[in-house]
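Colleague: These protein sequence lines map, in sequence, to chains A and B. Numbering of the first sequence is given in this note's numbering, commencing with residue 676 and proceeding in unit increments. Numbering of the second sequence is given in this note's numbering, commencing with residue 676 and proceeding in unit increments.
Note that these hints are calculated values from the structure, not bench results. Be aware that a few hints might be false.
One copy or two, it doesn't matter: identical chains are merged, so the pair holds either way.
Derived lysine-lysine pairs resembling DSS-like cross-links, with alpha carbons at most 30 Å apart [to be verified]:
no., residue 1, residue 2
1, K989, K847
2, K989, K845
3, K781, K989
4, K847, K931
5, K851, K781
6, K680, K851
7, K680, K989
There are 2 protein chains.
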Amino acid sequence: MANIKEIARIAGVSVTTVSRVLNNHPYVSESKRATVLQTIEQLHYARNMNAVHLSTGRTGTVAVILPYINLFYFSVVMDGLAHEALLAQYRLILCQSNYAPDEELKVLEMLRNKEIDGVVVVSTALLPEVIEEYMEYGPVVTCQDNGERRFSSVYIEHYAAFRHGLEYLKDKGYRKIGYCEGRQNGSSASIRQTAFQAFLAEHQLPFRQEWMVFDCMTEESGAAVARSLLPMEERPEVFMVTGDHVAAGLIIEARKHGLRIPEDIAVLGFDNQPIGRLLEISTIDNHLYDMGAAAFRIIHEQIRTGNRQPVYRKLDYEIIERGTV
Amino acid sequence: MANIKEIARIAGVSVTTVSRVLNNHPYVSESKRATVLQTIEQLHYARNMNAVHLSTGRTGTVAVILPYINLFYFSVVMDGLAHEALLAQYRLILCQSNYAPDEELKVLEMLRNKEIDGVVVVSTALLPEVIEEYMEYGPVVTCQDNGERRFSSVYIEHYAAFRHGLEYLKDKGYRKIGYCEGRQNGSSASIRQTAFQAFLAEHQLPFRQEWMVFDCMTEESGAAVARSLLPMEERPEVFMVTGDHVAAGLIIEARKHGLRIPEDIAVLGFDNQPIGRLLEISTIDNHLYDMGAAAFRIIHEQIRTGNRQPVYRKLDYEIIERGTV
C-alpha cells in the first residue's frame, strides 16, 4: 500500500519531507517536492479518491445507523435504502450499533469530519437533541417521528397506526386485548404503549400486566408468549404483536398446544412479512421498504441541492385482513 | 459544508488560490497560503479524516459485496461481519449489488483508489480471475470456495455438505429425491447441482426434471413448489431445500392441501433459520454468522499486519434432525 513510508523509500527522501509536501509545508526544495509528487502519481496515490473528495467537498457516501441488520424490520428498510443508493451511485456505510450510543455518535462525528455527506438514522438510542447538534454539518434523515425537529424524517404515525389496530379489534368485538412489544424503551415502542393504555382507559377495557409482554424480538419470544398463556387464569382474547415473525412464533406454538387461532387466541401482527402472508396472519402493513427508499431519496436531494429545509414524510399504513383476527 | 468555494469566500481569496494551496502549486504568495490554511483550520477542514487517511494510508473502512441484504443468508453473514467490525472500530460499506457486475467492480476500484482497506465478497457475479486482478491493491476475502486462489476465503464445502445431506436421506430410506435451489447459475448452486446429479447417478436413484426447481428464493416460491406437487403423477418423497424459509413455505402450503410431513413429502432445509426451529424443520446448519465473523477477522488481520498470505477457512456443517425427514 502506498503510504508515506513507501513514498519516501521510492522517492529517496525522508518521511519528514513527504509529510511536508503533503501538508503544504514551505521548507521543501522544489526538486524534492517534484520528486515526491511524481512518486505519488506513480503509486496511484494521486488517484486517491480521498484527495478528490477534499477538492469537491463531497464523499459520495451516506452512513446508516441501525441496531440489528438481521431483524426483518431493519433489513427491509436497508433494502430500500441500498436500492436507491445504487441508483444514485452512492455508497452506504452501515453502522450496526446494537443501540450503543457511543458508536452512533461516532457516525455523527464522521459527518462533522466530512467523511460522509449525510446520515440516515433508522433507529437510535440517541436523543433528538443530540442529533440536532450535528445538523450544521450536513443533512440527517431519521426514520422516526421526531415532531417538528430541524432534521428530516420519514415516519409512521405509531400512535395513530396502533390506535387504528385497536379500533379494528374493538369493532370485531374483542375486549381483552394483549400486547407483545419489542424493546420496551424504544421511541416507537413508548408511543405504542401510551396509545395502548390510553385506548384501554378510554373504552374501559380490562388491562392486565401479564397481557403486556416486552422484549419480543424473535420467533422464539413469540412462542414463549404462547406457552405463558397455558397456565393463565384469565387469558386475553387477542394479542397485538409488533412483528409478524413474533406473531408466527406465537401462532405456531399456540397451535401445538391445541389452542385455536383466532377462536382461542386471535393475533394481529405488524410489518406484512412473507411469513405472515404464508401463515395468513392479519397484519398492519407500514411500508418499510418505502421508508428506506424515501429516506435515501430525501437525503440525496438535500446533499445534491444543499437545501436543508427539513422534510417530513408521513407514511401510510393499512390493516391487511387475513385469518388470525 | 466547507468546500473550496466556502473556503475562498471566507478567506477572501479566489477559488483558484484555494485550489492551488490544496494542490501544492508553487505560485501562491506565502500570506495567501497562510490565510487559506488558517481558514481551512477554522472550518474543521483540517480535521477532515480524508486528510488523515492520506497520511496514514488506511481508511478504517472495509467494503462488503452481497446481492440482497433482505435474504436471511446474507443478513446473518452481515450480522457477523458488522459485529466484528464494531469490535475492531472499523466501518463497513455495504454494496447491495443485485449481482450487477459493474457495481461490484466499482467496489474493487475503490480498493485500487485506496478509498477502503479491503473488500469482503460474500457472493458475487464476478469471476475469481477478475477479483484476483485487484489483489495487489489490498486484501480481499471471499465467502465462496474459490479453490487455491491468491485471495483468502471462508467457505462451506457445498459439494460435501450437500452430499452429506443426500447420504442422510438415502440412509433414511428415501429414493425419490427432489431439490429446490435458489439462483440456478450461482457458484454454490452449480456445485450443489453437480453433487446432486452425481449422487443420483452413483446410487441409481431416479431423476426427474420436475423434481428439480430453481429460483426458489422466497417463502412464496416454496409454497409454489408445494402446489406443483398436487397434479404430479409421480411425486418425490423428499425435497432438499436450500433455505429454511423456502422449506417453511413448502411445508405450510403442503399441509394446507392435506399433505402430511414427512409421510407424504419430507423436507430437509438449509441454514438453521429461526422459522425452521419453530416449524421443527430438519436442516443443514452451515454456520452463517460464523462465516461473516471469520471473514472480518481475517481481513482485519491482513490489514493490520500487511500479511497477504491467503487464508482458507473451511467451516463445519451439521445436520440438525427435527421432524420433517
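Colleague: Are the hints correct? Go through all of them and say.
Modeller: Comparing the hints with the structure gives:
no. : hint        : result
1   : K989 / K847 : within (27 Å within a copy, 55 Å between copies)
2   : K989 / K845 : within (25 Å within a copy, 55 Å between copies)
3   : K781 / K989 : within (28 Å within a copy, 34 Å between copies)
4   : K847 / K931 : both (26 Å within a copy, 26 Å between copies)
5   : K851 / K781 : neither (45 Å within a copy, 56 Å between copies)
6   : K680 / K851 : neither (71 Å within a copy, 64 Å between copies)
7   : K680 / K989 : neither (53 Å within a copy, 36 Å between copies)
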